[in-house]
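Enquirer: Kindly produce the complete structure, drawing on both the sequences and the hints.
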Amino acid sequence: MKMTERAGMEVSFAAAEAVKLCNVDVISAYPITPQTHIVERLAEYVANGELDAEFVPVESEHSALSLCMGSQAVGARSFTCTSSQGLALMSELLYITSGMRLPVVMILVNRSLSSPLSIWNDHSDVMSIRDCGWIQFFVHNGQELYDHVFMAYKLAENADVLMPVIINVDGFTLSHVFEPLEMISPGKIEKYLPPYVPKYVLHPDDPLTMGAFTLPSYFTEAKKAHDEVLKTSYGHILNTFNSWAQVSGRSYHPVEKMYAEDAETLFVVMGSFAETAGEAVEAMRKQGKKVGLIAIRLWRPFPFEDFCHAVTGAKELIVIDRALSSGGPGGPLASEIRSALYNVENRPQIRNYIAGLGGRDVTIEDYILMHDNSIQGSDYEIYGLKGDETSA
Amino acid sequence: MHSTSVYAVKTLPRKEYFASGHRACPGCGEALAVRLVQKVLGRNVVVAAATGCMEIVSSPFPQTSWEVPWIHVAFENAAAVAGGVEKGLEVLKRKGKIKEQKISVVAMAGDGGTADIGLQALSGAMERGHDMLFVCYDNEAYMNTGVQRSSSTPFGALTTTSPVGTQQKGQLTHKKNMAEIAVAHGIPYVATACPSYPLDLAAKVQKGMDADGPAYIHILSVCPSGWGISGDATIKLGRLAVQSGAFPLYEVENGKYKITVDVEELLPLEYYFKPQRRFRHLSKEMTGQIEENVRQKWQELKKRSEGD
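If you read the sequences in order, they're chains A and B. With the first letter of the first sequence counted as 1, position 339 gets the number 339 in the working numbering; the numbers rise by one all the way through. With the first letter of the second sequence counted as 1, position 172 gets the number 172 in the working numbering; the numbers rise by one all the way through.
Read the hints as simulated data drawn from the structure, not as lab findings. Take every hint as true, because none was put in to throw you off.
Simulated DEER-style distance windows between Cβ atoms:
| id | chain 1 | residue 1 | chain 2 | residue 2 | range |
| --- | --- | --- | --- | --- | --- |
| 1 | A | Ala-47 | B | Leu-12 | 43 to 51 Å |
| 2 | A | Phe-219 | B | Val-261 | 38 to 46 Å |
| 3 | A | Leu-117 | B | Leu-267 | 55 to 63 Å |
Here a beta-carbon is modelled for each residue, glycine too, at the ideal position from N, C-alpha and C.
Expert: Structure follows, in structure tokens:
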């Protein structure tokens, strides 16, 4: 018997297929490039009766997430999807969604924040809402995006978690490519992800007040509780990865490693960088260079222990950020890693490159150059500037 | 929910869904309006509220005045949240996940959350045709933050951001006509109301609730603190607003206008303005000019409601 079906399809369509299999109740979104293919496909599913859901094309991203919060609050499994400026527009609501423990799932098709306006990929959008209190994943390829949709709902709706989830996927470089994917059967998903049974809902039979305000006497405790839930969600995240591995045969980890055990130099990346960097590492290994790769899958809650464990023994980390903290210490990922390692003895040196901004390709050769070159007199370097002879 | 189709004082439900003990100022017209609206809406309702006075006075954790399911998310999105509630309930009923029953969906916001920052979300919700009632509690300024002008503040009124100085005498712009903006969306029911006319208000809430599609009710909510009147003058001021023509009470049912509280002869606007600190700086001349404008608008409304 054939266990899985393989299909070649655009990654955005695979994501939509996964959302459909999750049998979501409400989808609300506003068009923004490069998120559109996911939402368009979902609209088709609803229009064709392939998915019994309410598709609500609203007048802004702000209303898209607001609407999902309303539908989630009455117990409807809800989905939204955005990019870049759209995320910026809904940013105030991101904090409220997690604070109110409404387990909405969002695919964030990463794209640069303006200005200058660019429709292409980097991570400046998600880094602007780093502290919004959602569980946040980064995926490396289309298969992972497909898989993470199921895991996201499983995790978000867990009564001990009840947190919204963002799945970050690189715009165009990942969202718009064709990939061979292993599709899961609807029957398996029905078992893996039963209908959502919400713990708290707005219903006249048991009136609840949601979104009360607090005086200084409670606010700190509310924030503490939120932090605790995110931290303890880590165990549930591991369980979710494990249970998914049983269903799909594909296993995931908060921190993914490649040749990390004996590497002297480790690349540290997030998102689709992991694919190219992985190939670069293979190539360099063939040349006898002791390099390896760390890809952070789980961005929030940040897997500090896993990370520190993974880099033990390495002499140097080359952290590649796809966003820049202007006027600050470099890239947000490198900042996180510096603070993760501060109290670790014999911690590795850190080189931080900012690369791939606004959709600029980072090729295998670039990784090799980054590895072979060094950064002079600065904590970070914006890689690949025009006229820079050291770059490819 | 009621056996009667016409409201009389005795047919207003005794049951309260907006509990006393909330933190509104003495004489708050908005709290009174909310209480009346909730009486008519009854138990089978979900309320989505915008940030503002009513949210603050009614939901200080761990207390609540809401005896019906109530959600507050942010300032500008009550209509969008309510839209989600409506769509969520609809799909859950269709899929058999909750039992089939009529649950009204109501969004509420102040004039800022309606006419200014909330206008886009409201317009979107009305355009999409959500089956919901949006109630604007209009106290004609941002009272919660300390009386700043909104687009719903009437011409000439003093607020902290439309001050009376040597070069400017209060609000320089005319009140945005939200009811007409709602009408322009072609929705089945639009009305203005005021708790000084409780039965008129109750009947309109009932109609808004029963309407098939979006309904909009704009309620003038006298604000003793922001308008500079004593707390026991709320009802009287509401009546004067209506009787002077400053705030006419009417409804637009499927495009058909009807003045519901007709005024044979409008009272001088001065009667309405004089007790209020926010208009105290106005000269007789200026009041006269404003009155002219009020009367012209009243005549236009009269014409529209006699049109059929």
